[in-house]
Amino acid sequence: MIVARKLTKQADDKFILRGIDLEINKGETVAILGPNGAGKSTLLKVLATLIKPTSGLVSIKGLEMKKSQHEIRKLLGYLPHSSFLYDHFTPLENLVFYGAAYGMDHIEEKAVSLISSVGLSFFLNEPVKNFSRGMVQRVAIARAIIHDPEVLLLDEPHTGLDQGAADTLNSVILTMKEKGTTTLMVTHDFKQAAEICERAVVIKNGKLIANFCLNGKDVNFLHSKYTELVEGGAS
Amino acid sequence: MSGFFKNAFLIAKKDLYSELRTRQVLGTMIIFSGLVILVFSFAFDPAQNTTKAVIPGVIWVIIVFSGILGLNRSFISEQRNDTMQALLISPMDPSSIYFGKLLANFTMILIVELVSVPFLFLLFDFHSIGSVGYFLLVLFLGSFGFISIGTFLAALAANSKSSEMLLPLLLFPVTSPILIGAVQATKIILSNIEKLPDAVAWMQLIGAYDVIFFVLCLILVEYVMEV
Amino acid sequence: MEACAEKEKVPVFFERKSSLEKALFIGAAAGLLISFYLIFIWSPIEKTMGLVQKIFYIHVASASTAFIAFFIVFVFSLLFIIKRKRIFDTYAKVSAEIGLVLTTIVLTTGPIWAKSSWNTWWAWEPRLTTTLILWFIYMAYFMIRQMDGVWEKKARLAAVFGMIGFIDVPIVFFSIRWWQSKFHPIVFGAGPSQQGGGVDERMLVTLLVTIFAVLLLYGYLLLKGVALEGMKITLNHRKEKIRERLIQ
Chain A
1 MIVARKLTKQ ADDKFILRGI DLEINKGETV AILGPNGAGK STLLKVLATL
51 IKPTSGLVSI KGLEMKKSQH EIRKLLGYLP HSSFLYDHFT PLENLVFYGA
101 AYGMDHIEEK AVSLISSVGL SFFLNEPVKN FSRGMVQRVA IARAIIHDPE
151 VLLLDEPHTG LDQGAADTLN SVILTMKEKG TTTLMVTHDF KQAAEICERA
201 VVIKNGKLIA NFCLNGKDVN FLHSKYTELV EGGAS
Chain B
1 MSGFFKNAFL IAKKDLYSEL RTRQVLGTMI IFSGLVILVF SFAFDPAQNT
51 TKAVIPGVIW VIIVFSGILG LNRSFISEQR NDTMQALLIS PMDPSSIYFG
101 KLLANFTMIL IVELVSVPFL FLLFDFHSIG SVGYFLLVLF LGSFGFISIG
151 TFLAALAANS KSSEMLLPLL LFPVTSPILI GAVQATKIIL SNIEKLPDAV
201 AWMQLIGAYD VIFFVLCLIL VEYVMEV
Chain C
1 MEACAEKEKV PVFFERKSSL EKALFIGAAA GLLISFYLIF IWSPIEKTMG
51 LVQKIFYIHV ASASTAFIAF FIVFVFSLLF IIKRKRIFDT YAKVSAEIGL
101 VLTTIVLTTG PIWAKSSWNT WWAWEPRLTT TLILWFIYMA YFMIRQMDGV
151 WEKKARLAAV FGMIGFIDVP IVFFSIRWWQ SKFHPIVFGA GPSQQGGGVD
201 ERMLVTLLVT IFAVLLLYGY LLLKGVALEG MKITLNHRKE KIRERLIQ
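Chains as they are written, first to last, in the UniProt record's numbering: chain A, 1 to 235; chain B, 1 to 227; chain C, 1 to 248.
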């Protein structure tokens, strides 16, 4: 589904990504782990078509990014740190706007059902600016999937969420997965990663240093493996 | 192509609706234009007849300065929660985003003109417009050119941390042909209507500028809106 | 570290003095000396303005070279937008710098000429006013370049503005000429009444030589400036490399 070849990104003279090769199959849920400043978010931004790679190729669903950016953008749902929401709009208005931007039909009903699925049906017409961090994140999740994306790119989605919101998020990801959505998730939260991801990749210093299965493994396995990889000094 | 206009209208609708909700920018622009008129009444005695000669200039000073206020907000407002990035990764073309922003800004400046120009005429006791039709036309052409290049440069300046200071420095020299042409044409239309062919020539110049820069901005805006 | 191979791609500009640079240096130096001789000794003193008229040669030569410099900015901005190579951006930047200096010379010599010619320090005359606006446009160009952020962003935005600014220039000139055209003498060629024309042949030769000399100077400065920028870039590159090694 997602193929990246020799992806590099350079900002001034600093290398942020130094040749990433990545292949992710359709329907997989993959966690991207790594220390701060390793280039995880940058990788996600490149995949989300937000920034252009310095060199290398990306193709999503067989479409090459440089050539068919427009088609690819319709397939992607991106949830970064910032919420991408208009503060003085209500959740409904936000979702309807983004739905229209993605050229969706019947947006209104879709938006209402999405908002209730993230548990905010009572706040349908309340401006987002009055919301708490957890509530904003719920709306942001709904925004990212308003256009039924085939690929979900999540950047630390669990940060700052209470248990309830985290559960909502996980159930959204799992429902999407049942529909065949591929999910890529940058995270520091090993517990959540072990819970919902099938595979994990570790990035350090702009390079992919590990790629292993998580099926049936628990948090402790992930934790010890990660510590060994990152702090074990393998560079 | 229909997608282009659909997306542009979507953005324009969103911006104007957002303005309706917050009532920040338009209110500020109108109050500011009132203040400009007030300051000019101190600078040029409204009781004197010679003051009539500066009215065309005052009109365009109002448009330019209150326009800058709106243009500044146009892209800065998209920085909160990084909504600009959300627009950029959506399937909408950068040019349609630009055109949508342009439409919203243009609507706002027309509203400001609608309020402030009659107010100016009233306060300065000015009631001899040579030709209302041509006057509206020159307002339309001049404002469109100013806003179209202004929206583009606002998108450019939004990349800077001090974009509010940068935008006027970029915008004023580049729009000088519009300002010269619009003031000259307005002057002729308001007080010297028998020279109408000259005013028409000026309007043609503004029209040519509008077309050239509107097309240029549509082509180049893609490079301004990259992250 | 396989990434190292990637990193060796240091942009090579002019590591050593190229022969073109040397030739331009000699040409510009000789040309300027000759043109000074022509201006101050050889060419006749103008009847009505006297000695002050001599500034006219520098004024016109700077103005025309500045215009060419901005044209070069436009060309390299366009090239940068298409090819995204840093070398094009460097050329555009250096050319704009030289152009700005030359424009400043035009704007200082202009009023001196104006004072003796029209008895006023500043005239809102088309060419002078256009030059002033040009100066503001390229000052703004450098404001964009002073933004913070990675060079790619600054280069891209500056390139876009460099193109917009240059395309604007003829329209600015045209609109100002329409607005007010009562001052500037039409020195060469057919004036409206053939009266403005009529310049001494020696003056014409002097002017052409001066223009040529300033052009050579521009060429030399351009190459030198690009080489300097190249060194700066290489230096930063090496610094970053060392920094990286220290961290690992």
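For the record, the hints were derived by calculation from the structure and aren't laboratory data.
Every residue gets a Cβ at the ideal spot worked out from N, C-alpha and C, and that includes glycine.
Keep in mind that a hint or two might mislead.
What the hints assert, rightly or not - Here are the simulated lysine-lysine pairs, DSSO-like style, with alpha carbons at most 27 Å apart:
id	chain 1	residue 1	chain 2	residue 2
1	C	Lys85	A	Lys207
2	A	Lys207	A	Lys6
3	C	Lys83	C	Lys153
4	C	Lys224	C	Lys239
5	C	Lys232	A	Lys14
6	B	Lys161	C	Lys232
7	A	Lys207	C	Lys239
8	C	Lys54	A	Lys204
9	A	Lys67	C	Lys154
10	A	Lys179	A	Lys129
11	A	Lys66	C	Lys85
12	A	Lys26	A	Lys14
13	C	Lys115	C	Lys224
14	A	Lys67	C	Lys85
15	B	Lys6	A	Lys67
16	B	Lys6	A	Lys110
17	B	Lys161	A	Lys52
18	B	Lys6	A	Lys74
19	A	Lys129	B	Lys161
Said to hold, decoys possible - Far from chain A, by Cβ distances over 12 Å, these chain B residues were calculated:
id	residue
20	Leu10
21	Thr22
22	Phe32
23	Leu35
24	Ala47
25	Ile55
26	Leu110
27	Phe140
28	Ile193
29	Ile212
To be verified - Derived Cβ-Cβ restraints for the label pairs, each shown as a range:
id	chain 1	residue 1	chain 2	residue 2	range
30	B	Phe9	A	His81	29 to 35 Å
31	B	Met165	A	Asn215	35 to 41 Å
32	B	Met165	C	Val52	35 to 41 Å
33	B	Val215	A	Lys26	40 to 46 Å
34	C	Leu32	B	Leu136	54 to 60 Å
35	B	Glu222	A	Lys6	23 to 29 Å
36	A	Val3	B	Thr28	48 to 54 Å
37	C	Trp124	B	Asn49	21 to 27 Å
38	B	Leu136	A	Gly180	52 to 58 Å
message = For a C-alpha distance cap of 27 Å, please report whether lysine 115(C) and lysine 224(C) respect it.
response = Violated, at about 36 Å.
message = Does the beta carbon distance between valine 3(A) and threonine 28(B) stay inside 48 to 54 Å, or does it fall outside?
response = holds (50 Å)
inquiry  = Run the distance test for lysine 6(B) versus lysine 67(A): straight-line Cα separation, threshold 27 Å.
reply    = holds (23 Å)
Given as non-interface: isoleucine 212(B), partner chain A, CB spacing beyond 12 Å = holds (28 Å)
query = Just checking, phenylalanine 140(B) versus chain A, shortest CB gap more than 12 Å?
reply = Check passes; 29 Å lies beyond 12 Å.
Distal placement of threonine 22(B) relative to chain A, Cβ over 12 Å = violated (5 Å)
ask   = Given the hint that lysine 6(B) pairs with lysine 74(A), does the C-alpha gap stay at or below 27 Å?
value = Holds, at roughly 16 Å.
message = Minimum C-beta separation from leucine 110(B) to chain A exceeding 12 Å: can you confirm that?
response = Holds: least Cβ distance 23 Å, greater than 12 Å.
ask   = Quick one: are leucine 136(B) and glycine 180(A) within 52 to 58 Å, going by C-beta?
value = Holds - the Cβ-Cβ distance for leucine 136(B) and glycine 180(A), about 57 Å, lies within 52 to 58 Å.
query = Does alanine 47(B) really sit off the interface, with its C-beta more than 12 Å from all C-beta atoms of chain A?
reply = Non-interface label on alanine 47(B) holds, nearest chain A Cβ at 45 Å vs cutoff 12 Å.
inquiry  = For lysine 83(C) and lysine 153(C), compute the direct alpha-carbon distance and say whether it is at most 27 Å.
reply    = Distance ~14 Å between lysine 83(C) and lysine 153(C) Cα, so the pair holds.
inquiry  = A range of 54 to 60 Å was offered for this pair. Does it hold for the Cβ distance of leucine 32(C) and leucine 136(B)?
reply    = holds (56 Å)
Of the numbered hints stated above, those contradicted by the structure are hints 8, 10, 12, 13, 20, 21, 31, listed in ascending order.
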